[in-house]
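Construct the entire structure; sequences and hints are all you get.
If you count by my numbering, then the sequence shown holds residues 70 to 466, one letter each, in order.
No lab work stands behind these hints, which were simulated from the structure alone.
One should not assume that every hint holds.
With a straight-line cut-off of 25 Å between C-alpha atoms, the simulated DMTMM-like cross-links for lysine to aspartate or glutamate are [what the hints assert, rightly or not]: (1) 72 with 262; (2) 377 with 434; (3) 377 with 318; (4) 143 with 262; (5) 350 with 200; (6) 355 with 434; (7) 72 with 166; (8) 464 with 200; (9) 350 with 374; (10) 355 with 106; (11) 377 with 437.
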Amino acid sequence: MVKREYLVPFVLVTTLFFLWGFARAILDVLNKHFQNELNISITQSAWIQVTTYLGYFLMAIPAGLYINRNGYRKGVVLGLILFGAGALLFIPGTYMETYYAFLVCLFIIGCGLTFLETAANPYVTELGVPETSTSRLNLSQSFNGLGSLFATFVIGQFFFNSDETGNAVVPYSILGALVLCIAVIFSQVPLPEIKHEEDAQMSSTNGWKNIRRLFTSHHLFVFGLFSLLAYEVAEISINSYFINFVTGEGWMNDNLASIILTCALAFFMVGRFAGSWIMQKVRAEKMLMICAAGTVICMILVLMDLGKISLIALVANYFFEAIMFPTIFSLALVGLRSLTKSASSLLMMTPVGGCGFLLMGIIADRTDLVTPFYIPLLGYTIILIYAIVLVRRWKRR
Numbered sequence: 070m071v072k073r074e075y076l077v078p079f080v081l082v083t084t085l086f087f088l089w090g091f092a093r094a095i096l097d098v099l100n101k102h103f104q105n106e107l108n109i110s111i112t113q114s115a116w117i118q119v120t121t122y123l124g125y126f127l128m129a130i131p132a133g134l135y136i137n138r139n140g141y142r143k144g145v146v147l148g149l150i151l152f153g154a155g156a157l158l159f160i161p162g163t164y165m166e167t168y169y170a171f172l173v174c175l176f177i178i179g180c181g182l183t184f185l186e187t188a189a190n191p192y193v194t195e196l197g198v199p200e201t202s203t204s205r206l207n208l209s210q211s212f213n214g215l216g217s218l219f220a221t222f223v224i225g226q227f228f229f230n231s232d233e234t235g236n237a238v239v240p241y242s243i244l245g246a247l248v249l250c251i252a253v254i255f256s257q258v259p260l261p262e263i264k265h266e267e268d269a270q271m272s273s274t275n276g277w278k279n280i281r282r283l284f285t286s287h288h289l290f291v292f293g294l295f296s297l298l299a300y301e302v303a304e305i306s307i308n309s310y311f312i313n314f315v316t317g318e319g320w321m322n323d324n325l326a327s328i329i330l331t332c333a334l335a336f337f338m339v340g341r342f343a344g345s346w347i348m349q350k351v352r353a354e355k356m357l358m359i360c361a362a363g364t365v366i367c368m369i370l371v372l373m374d375l376g377k378i379s380l381i382a383l384v385a386n387y388f389f390e391a392i393m394f395p396t397i398f399s400l401a402l403v404g405l406r407s408l409t410k411s412a413s414s415l416l417m418m419t420p421v422g423g424c425g426f427l428l429m430g431i432i433a434d435r436t437d438l439v440t441p442f443y444i445p446l447l448g449y450t451i452i453l454i455y456a457i458v459l460v461r462r463w464k465r466r
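Okay, here's the thing in structure tokens:
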């Protein structure tokens, strides 16, 4: 799956997937924590996701241009520095005694995560033969799921396990110090740059021209881009809404909800590992179509409001959606070669879909707790259509 000379870089970069999985999953617990502590609505707390994922939208193209010019390693180091700095800024932020100070810190973290993901995701797809790129990225992304699982359990217990709730500064301070230490390591370790034949003639080409070329000449990439956006809207919105939904339905308290979310993320991680193994034998396009159909069915069961059956379907959805991000990401990059870095920067704008949780919050506050699930249902339906198009295209070859 990985060329022998790239094994060490592969292992090092894969550790980054754990870090940003941890950082993004904290938001799902922090969201409910701030609702409890500040007595704010779902809509108001949704700004945690909005400010973080807005960083992805605003910084994705600059990150791609920076990585195009300076390479993957420098992109990773800059991302780690921004990530660590944003986390440590929680310390002075707590003395300002305002919700907005924390939002600024989360925005900086989001900018750092953008550089990390824009560099790491395409880099992993390049560390081996093209035929196993999807399986390779799914393997690395499995550690993203492990980071998410670890975050929801540890931070959930920290916030919800006693009458005295924890201070958000503590986990972010520890995380910030750890991330800056990892930045030092990456600044000293050389990561081999992957070169393509076209790189020399493309080196003088402006990054914006590359982006224009992608939209005018690579229509399947554009479909993949919007499919990835649809996935991010669905996945992030469900993660962020999960605790609000299961507690609002009266099924459990905050602490048990965070544990159940951890279990759901365990299914997510297992789905990624299983998907990485299966896609060594089954084409990625077909696997994506099967899993997309599974998520659509799960969302329909949730919308039918069947009690425990809906809860089981919601948890099962994590297993089916697990392979979607890395699979869509790698399939969208197929054949782009020297345009890979520019394409990656566009794909890494898609986590702005996390702002979709704001819309779910507005709907929930104005209607009921079940209706917001029409949003992820629409997202998964778009992915299903994309997968069907890819399968039909492959069969025509």
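Right, here's what the structure says about each hint:
A threshold of 25 Å between alpha carbons decides the hint, and for residue 72 with residue 262 the separation of about 14 Å falls inside it, so the pair holds. Restraint check for residue 377 and residue 434: the C-alpha separation of about 23 Å stays at or below 25 Å, so the hint holds. Between the alpha carbons of residue 377 and residue 318 the distance comes to roughly 11 Å, so the proposed pair stays at or under 25 Å and holds. Between residue 143 and residue 262 the alpha-carbon distance is near 11 Å, which keeps this suggested pair within the 25 Å criterion.
At most 25 Å may separate the alpha-carbon atoms for a hinted pair to count; residue 350 and residue 200 meet this at roughly 11 Å. Of the supplied pair hints, the one linking residue 355 and residue 434 is violated, its CA atoms being roughly 38 Å apart against a limit of 25 Å. Annotation: proposed proximity of residue 72 to residue 166 is violated, straight-line Cα distance about 51 Å (limit 25 Å). Restraint check for residue 464 and residue 200: the C-alpha separation of about 17 Å stays at or below 25 Å, so the hint holds.
Under the criterion of a C-alpha separation no larger than 25 Å, the hint pairing residue 350 with residue 374 is inconsistent with the structure, at around 37 Å. Note on residue 355 and residue 106: the hinted pairing is violated, with a Cα-Cα distance of about 46 Å set against a maximum of 25 Å. A C-alpha spacing of about 18 Å is found between residue 377 and residue 437, which places the hinted pair at or below 25 Å, so the restraint holds.
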